[in-house]
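Enquirer: Keeping their order, the protein sequence lines are chains A and B. Going letter by letter, the first sequence gives residues 1 to 368 in the working numbering. Going letter by letter, the second sequence gives residues 1 to 345 in the working numbering.
Because the hints were derived from the structure by calculation, they are not lab data. None of the values given here were measured: they were computed from a predicted structure. Check the hints yourself; a few may be wrong.
Pairwise CB distance ranges (calculated) [said to hold, decoys possible]: (1) N109(B) <-> V34(A): 26 to 34 Å; (2) K325(A) <-> A290(B): 56 to 64 Å; (3) T273(A) <-> P253(B): 34 to 42 Å; (4) E358(A) <-> N109(B): 43 to 51 Å; (5) E364(A) <-> G337(B): 49 to 57 Å; (6) T86(B) <-> S289(A): 40 to 48 Å; (7) S215(B) <-> Q127(A): 52 to 60 Å; (8) K325(A) <-> R3(B): 22 to 30 Å; (9) H152(B) <-> E358(A): 22 to 30 Å.
Below are the SDA-like pairs computed for lysine to any residue, each with C-alpha atoms no more than 20 Å apart in a straight line [claimed, not checked]: (10) K55(B) <-> E49(A); (11) K338(A) <-> G75(B); (12) K325(A) <-> V33(A); (13) K302(B) <-> N267(B).
Note that beta-carbon positions come from the ideal geometry of N, C-alpha and C, so glycine has one too.
Okay, here's what each chain looks like letter by letter:
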Amino acid sequence: MIILRGESMSKQLHEIRAVKGETIQILDPDGNVVSKELEPNLSDDELRELMRRMVFTRVWDQRAISLSRQGRLGFYAPVSGQEASMIGSQFALKKEDFILPSYRDIPQIVWHGLPLYQAFLYSRGHQHGGQIPEDVNVLMPQIIIGAQIIQTAGVALGFKKKGEKRVAVTYIGDGGTSQGDFYEGINFAGAYQVPAVFVVQNNRYAISVPVELQTRAETLAHKAVAAGIPGYQVDGMDVLAVYTVMKEVVERARAGQGPALLECLTYRYGPHTMSGDDPTRYRTNEELSEWEKNDPLIRFRKYLEAKGLWSEEDENKVIEETKEKVNEAIKQADQTEKMTVPQLIDSMFETLPAHLEEQKAEFEKAGE
Amino acid sequence: MQRTLTFSQAINEALCLAMRKDEKVILMGEDVAGGAQVDHLQDEEAWGGVMGVTKGLVQEFGRERVLDTPISEAGFIGAAAAAASTGLRPVAELMFNDFIGSCLDQVMNQAAKLRYMFGGKAKVPLTIRTMFGAGFRAAAQHSQTLYAIFTHMPGIKVVVPSTPADAKGLLLASIADDDPVIFFEDKTLYSKSGEVPEGEYTIPLGKADIKRAGSDLTIVAIGKMVHTALEAADQLAQKGIEAEVVDPRTLSPLDEETILASVAKTNRLIVIDEANPRCSVARDIAAMVADKGFDTLDAPIKTITAPHTPVPFSPALEDLYLPNASRVLEVVSELIGDESLKAIS
């Protein structure tokens, strides 16, 4: 564990880079502050908001898993265990910053402004789920492993060329760091010194394949070295550590000091997706229990309770609030008008070519 | 002796037989073993791939021959092609054919061209197994039907089985073949059962199969569309119309002779292909018959395909997207001028 000193944190963070491979932690699993110097300057309200979002996300995830089992969601990748990585990193962004998520990163884009009912529509395959409101700076989740890394370099290049003080932020799992697109994207971002931040949520498994079998790299943060950009490894179960380092690298990118890579060490409690993998076939229950002891919510709750900022009553209030909001969102998704084949064809081009007009007419006729 | 296996079991059996026979046959792909390095699961059944098709093979052949790869398609498809050129017979699994974009150069410019560029001296006995097709609620980037792309490439063979027995025989032939083969598995067929002969047998690449004989019209169908064609043929038979259903089984090489002979007998042709229509195999077959069998035709050739759009994720739209038996009956009614067929469609 590395201890960093206050004012010149930026320089020191830069110095530790990936080559030393230390994991940055602020709170230990019992919620004790172990790196006082790094503790972020967040207000009580902001600290409470971080906790509210993590509890909300956990409860929403449980509900989504249950909806998925009932066949009421088309596709869903569970997030429990990864709340600190997801919520802490998004919390460090400004509204104008742009998120390019992977399929597990629905919480970040919802907390960045995507209405919850549209997230559910996305899961169900309704095109309205992908119609992002104008003032929400996110892409829909990337399904093709690694493609978003290159896109992030491109979005950041756009910001730089237009002189906008915005940062492009992307998320990928440990598995995705084996893709060619990953190396090409971080290299491009480094070469052009664009305002991009690459968050690797290392949840230990690429579906069934453990990270030690995916690479011989000592850490995934080391992969930044080849691209010549700083890489940091953070305790991804520690929301304060994720927030602090993320804030640092995002602001550095915004100030024109180039991209960075952040590896968050985390764990997914559930399966890869709800489409059928059984995690007991590739990992042990003991391992899961060990990680559950590191739970991001427990750790942060203890920290807040010690400060007198969180109580059981607060927690229950958020749980109730979440249930209500999720129910409302599901209702709104259910009430959204069903799509038709002609609509699908209409979304192909600005002006439909003749062969699609012809097909559209055929489907309209068949639908009568 | 015959017994019933699912499509998935038939593929698994073919892989198993090929691996027992020849230790140069190895499997590579994402999660093809599964349960890697979890000690207490080493001796149990790992999960065997995202659809369980390779289940059990790691127990028999070990992790030296069943390789869980990192998520890097260009890496393991390219490495498999190069390993094939050294004399191995790798069977690489591209989990979804939609992921070909991540490794297309290794297939199109490398595997498919090595023999030619070495003046016929290099051999690339590579088999790429891949999953394709709509109807699985897997959305636009996991549901495509991309065999036409590879059929267009000169140096690679393209196989699309429609039944468990064909899948086994064609996969054994693909693995034994000394050139690269891409073997397309329709994910909606995995659970479909059929009689499968025991033991080792091969079905020659480039030989079509007449799945149903008939004299009134020819329906050429690919993959699961063979079953759509058979369903339509049964309904047509009730009206006294006998359709002949031809399954090409391999798209490259294509058994033109069987298709042309069938059309010469029936004088009418419908091609059903669930891929997008432009530059599709359906239109390729239609063009081939117009070119070489025009004199035998009594009516225009009809193709039935998906619309020229991505596959919708919405279940209701996805069902409308795929060609089905009623669409076949409508087209037949136009072709034969029998309006009453629409009533049963």
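Enquirer: Is the hinted range of 22 to 30 Å satisfied by the C-beta distance from H152(B) to E358(A)?
Expert: At roughly 24 Å between Cβ atoms, E358(A) and H152(B) fall inside 22 to 30 Å, so the hint holds.
Enquirer: Go ahead and decide if the range 40 to 48 Å is satisfied by the Cβ distance of T86(B) to S289(A).
Expert: Between T86(B) and S289(A), where Cβ atoms are some 45 Å apart, the hint holds.
Enquirer: Does K325(A) pair with V33(A) here, judged by a C-alpha cut-off of 20 Å?
Expert: 33 Å, violated
Enquirer: Need the status of pair K55(B), E49(A): alpha-carbon distance at most 20 Å?
Expert: Violated, at about 46 Å.
Enquirer: Quick one, are K338(A) and G75(B) close enough, alpha carbons at most 20 Å?
Expert: At roughly 41 Å apart (the allowed maximum being 20 Å), G75(B) and K338(A) break the hint.
Enquirer: CA of K302(B) to CA of N267(B), is that 20 Å or under?
Expert: 12 Å, holds
Enquirer: Verify the CB-CB distance for E358(A) and N109(B) against the hinted window 43 to 51 Å.
Expert: About 36 Å separates the Cβ atoms of E358(A) and N109(B), which means 43 to 51 Å is violated.
Enquirer: At the C-beta level, are K325(A) and A290(B) separated by a distance inside 56 to 64 Å?
Expert: 60 Å, holds
Enquirer: Honestly, do S215(B) and Q127(A) meet the 52 to 60 Å range at C-beta?
Expert: 46 Å, violated
Enquirer: At the C-beta level, are N109(B) and V34(A) separated by a distance inside 26 to 34 Å?
Expert: Hint violated: Cβ distance 53 Å, outside 26 to 34 Å.
Enquirer: Regarding E364(A) and G337(B), is the given constraint of 49 to 57 Å on their beta-carbon distance met?
Expert: 25 Å, violated
Enquirer: Is it true that K325(A) and R3(B) lie within 22 to 30 Å of each other by Cβ?
Expert: 54 Å, violated
Taken one by one, the earlier hints fail for this structure at numbers 1, 4, 5, 7, 8, 10, 11 and 12, listed in ascending order.
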